[in-house]
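> Sequence:
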Amino acid sequence: MTSPETTSLLDDRYGRVSPRVRRTRWIVGGVLAAAVIGYFGWTTVARTMDSVDVDTTGFHSVDPHGIAVDFQVTLRAGEPVACALEAQDTEHGIVGWRIVEYPADPAHTRRFSETIPTTALATTGLVTSCWIP
1 MTSPETTSLL DDRYGRVSPR VRRTRWIVGG VLAAAVIGYF GWTTVARTMD
51 SVDVDTTGFH SVDPHGIAVD FQVTLRAGEP VACALEAQDT EHGIVGWRIV
101 EYPADPAHTR RFSETIPTTA LATTGLVTSC WIP
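For the sequence shown, the residue numbers in the numbering used here are 1 to 133.
For the record, the hints were derived by calculation from the structure and aren't laboratory data. Careful, some of the hints might be misleading.
The following label-pair restraints were derived from C-beta to C-beta distances [what the hints assert, rightly or not]:
(1) 117 / 58: 34 to 40 Å
(2) 40 / 110: 28 to 34 Å
(3) 40 / 3: 47 to 53 Å
(4) 120 / 49: 37 to 43 Å
(5) 64 / 99: 20 to 26 Å
(6) 40 / 105: 30 to 36 Å
(7) 58 / 107: 15 to 21 Å
(8) 31 / 111: 45 to 51 Å
(9) 47 / 109: 46 to 52 Å
From the three backbone atoms N, C-alpha and C, an ideal C-beta is built for every residue, glycine too.
Take these sequences, add in the hints, and give me the full structure.
Printed below as a string of structure tokens:
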């Protein structure tokens with residue numbers, strides 16, 4: 001039979017711990033893992049709540065000095081939105097641009113059509129980005 005002092009020395013030497021210490025380590029590790037998972041989950045949800053998705057649905061030339069762009073914006077309902085529109089020529093040079101702002105609306109998805117004044121004949125119209133101001 002070994003004495004408690006000898007058992008303690010052997011446990012220290014070989015890294016053995018009591019069941020109570022082992023259980024405490026598992027609990028602390030589990031709480032930390034849950035906190036990290038919760039943090040990353042919340043940051044992902046918060047980031048997607050403020051995101052704005054925009055799709056250019058079409059464009060057509062109005063005249064040599066203007067192009068109309070049709071687009072759809074999806075964002076959190078009840079928020080105002082601002083969008084940057086761009087007109088390009090055949091070489092993808094920017095020949096016109098415009099920033100438009102829309103007031104808050106209860107709809108989750110909204111459709112818009114805007115005309116961009118241009119300095120030359122535009123062959124493409126697009127929405128470069130939208131954001132919540």
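> For the hint 34 to 40 Å, verify it against the beta carbon of residue 117 and that of residue 58.
19 Å, violated
> Determine whether the Cβ-Cβ distance between residue 31 and residue 111 falls within the hinted range of 45 to 51 Å.
48 Å, holds
> Using the Cβ atoms, figure out if residue 40 sits within 30 to 36 Å of residue 105.
Given a distance of about 32 Å, which is inside 30 to 36 Å, the answer is holds.
> Falls inside 15 to 21 Å, the C-beta gap from residue 58 to residue 107?
With a Cβ separation near 20 Å, residue 58 and residue 107 satisfy 15 to 21 Å, so the hint holds.
> Given the hint of 47 to 53 Å, check if residue 40 and residue 3 actually sit that far apart at their C-beta atoms.
49 Å, holds
> Kindly confirm whether 37 to 43 Å is satisfied by the beta carbon distance between residue 120 and residue 49.
Holds, at about 41 Å.
> Has the hinted range 20 to 26 Å been met by the Cβ atoms of residue 64 and residue 99?
Cβ of residue 64 to Cβ of residue 99: about 23 Å, so the range 20 to 26 Å holds.
> State, for the Cβ atoms of residue 47 and residue 109, whether the hinted interval 46 to 52 Å holds or is violated.
19 Å, violated
> Is the gap between the beta carbons of residue 40 and residue 110 within 28 to 34 Å?
This hint holds: roughly 31 Å between Cβ atoms.
In summary, the structure is inconsistent with hints 1 and 9 from the numbered list given earlier, while agreeing with the others.
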